[in-house]
Amino acid sequence: MEIHDYEKFWLGAALLLIVGFIATVSYGAVGAGVEMIDDDGGTVDPQALGDHPKFGDPGVYQSGPNEYDVYVVAQQFAFRPGTAEPIRVPAHSTVTFHVTSADVIHGFEVVGTNANTMAIPGQVATFTVEVDGPKTYGLLCNEYCGSAHHAMEGSMEVVPEDEFNATGGA
Amino acid sequence: MATFVDRYPEEASVVKASLVVSFVALGIGALFGLVQALHRTGYFRVIDSVDYYTVLTGHGVLLALVFTIFFLVGLFTWAVVQSLERPLPDIRLTWAWFGLTTTGAVFVAVAILAGFVPSIDMSADVLYTFYAPLQAHPLFYVGLAMFIVGTWLAGADWFLAYRDWRGDNPDERIPLQTFMVLTTMLMWYLSTIGVAVSTVFFLIPWSFGIVETVNPLLTRTLFWFFGHPVVYFWLMPAYLMWYTVMPKLAGGRLFSDPLARVVFVLFLLLSTPVGIHHQYLDPGIAEGFKFIAMTNTMFLLLPSLLTAFTVVASVEHGARQRGGEGYIKWLGALPWRDPAFTGMALAGALFAAGGFSGMINAGMNINYLIHNTLWVPGHFHLTVGTAVALTMMAGSYWLVPQLTGKRLYSRPIGLLQVVLWFVGMVFMSNAMHRAGLVGIPRRTAEPQYQSFDFSAVIGTVGELRAQIALGGFLLFVSVVLFLFNLLLSAFEEPIENPVDDSLPAPLSGASGSPVVLDNLRLWTAIAIVLVILAYTLPLASIVGDAGLFGNVPGVPVWVSANAEVTIEALTEVIA
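Chains U and E supply the protein sequences, listed in that same order. Per the numbering used here, the first sequence starts with residue 3, numbered consecutively. Per the numbering used here, the second sequence starts with residue 2, numbered consecutively.
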């Protein structure tokens, strides 16, 4: 097969680019530690969320000295917590989100950050973020979830450490 | 030599009928696009925000499935017949698949449009992706299944034509256009298995109430099993025209036939085992499977990068045949007054930009920032919305005269039309990409929220909205010009040679390439192995989690239509 010299050069450059991309993504995962949404959140019965120890009373639970678990239920057309009351976490802490849905597929996006996941009924999305100083973030559903999808929003408040009270559990 | 309609009048009728359905869908879909662009930017609102999702579903399904695929079946029928130089084996089969596909498309359209009429108990406001457990009327899923089976029969028609040709020509290489059609259809058979299984075994029985529940992650994964390869199903007709028609329009010939074959084989192999890259943010799928999909996706860049080389080289060759010289100056020698050429060239230029934003989407870590934001429609309005749609419109200016025997009504209007599309898309898609970077979501009727604002990195959100509205308006005007130009062409008198429809042989012909390239069985077998490797374990894990039929009941979109009440209740909660 006749392959022109310029064609060979282009082919080599294209392969180099592709391998380079794969290398940067691999480095992001291993070296820089960008964690992916995985299957380690496990499953949950979407029709019995009320009986779940945490999703039955969703909110912010302290799990360590400066570590918190946030349980969020997405449901047409609100986040619990998030919509009626903001998700409140202390500044400069490590926060692990556990997000699920009680009905259809929703999105959970902390606007302007890479805290972004799908909320799929029956599945729990788990991801950990490092929280900076006090600030209020917008929260929105980014997957169409029904006729009032555009009204599904909320907020996340990062408050100074001394003003924080955990809302979930005892 | 007489034109296509004189040589193959019956085939020309089927191709024409397919294009008519395609263009009707284009007209309605474009109108819906205008309504959306003006609604979500707040410039002009003719519908309630609740109906926005009916418009959005119609826009997505009519343009992404009906317009593109009906154009494809028309173009592929033309390509097979003219490259094998023989009529189809049985025109009744041809009309049968056309009838089935069209009926399916009409069912789907009826189910969607009924959403505008509250007195009809029917809706399919589930968007183009129809993620369960949001549940559309059964007619939507039934129409979809018929549509898919129709495309399968169309493929059978072309394979039968190839078999007859092979019987008469046992030792010849497959003609290039037929090779492109067959590899594309093999990819399509493989990838539509996902959506067919999802629709026939799960969604249809579930929408009729025969099974109660669904496994949302399973049907979603099966959707994306099909949902990424369908992207290449849209793209392959554009590639077919870029490889075989555009060099001729430029005044030259295809640079390399063998590499064109390599590219189509690569698409067959790599299109399907990548769908999970749409699910980087889905819980329930392990990171390793996502990594495999990412790797395959990155290698899928290769055929597109090779295409960029071959197509540009062929066009440059054409320009030099026309007397073009210099490193850059040859561009001036191209036939820029020809709307068919200019449309395809502009489509190719924006495809390069769309390719770069696609690389961002494919990077599984940076994808977090733009997932489900306006960046994503910004990306695919460059790929399917320009590379594919603009190439199809431009190609029509060259193709339709062959099917009707009549000249095009106006080439200057055609030229204005393709340039308007390019300009409109530059405004709209660059603004969408930038809006996505600041977190503005896609698929929403009201991108303004009560409790927070978006802040643009450069410029303002108001300026981004203005660009989207302006772009959407120009795109709509472009479609109107396109449809009127074709409509008026229908009233022209038939003439002897309405268009020069000969296609020159490539510079490097097929004869120099290894015969193994034409071994379709081998490539199909490898493609199947890759799919099994990429999908067996994740699917087993998803089914293991919640069972085949899942544990989530449906949420019918046409029953819970009382959204006004819901919004009011919600507003009170927020207040």
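Careful, some of the hints might be misleading.
[Said to hold, decoys possible] DSBU-like, lysine-lysine: derived pairs with alpha carbons at most 35 Å apart:
| hint | chain 1 | residue 1 | chain 2 | residue 2 |
| --- | --- | --- | --- | --- |
| 1 | E | K249 | E | K17 |
| 2 | E | K249 | E | K407 |
| 3 | U | K137 | U | K56 |
| 4 | E | K330 | U | K10 |
| 5 | U | K10 | E | K249 |
| 6 | E | K249 | E | K330 |
I should point out that these hints are in silico values taken from the structure, not numbers from a laboratory. Just so we're clear, the structure is a prediction, and the values are computed from it rather than from any experiment.
Go through the numbered hints given earlier and state which of them the structure violates, listing their numbers in rising order. Hint check: nothing fails, all pass.
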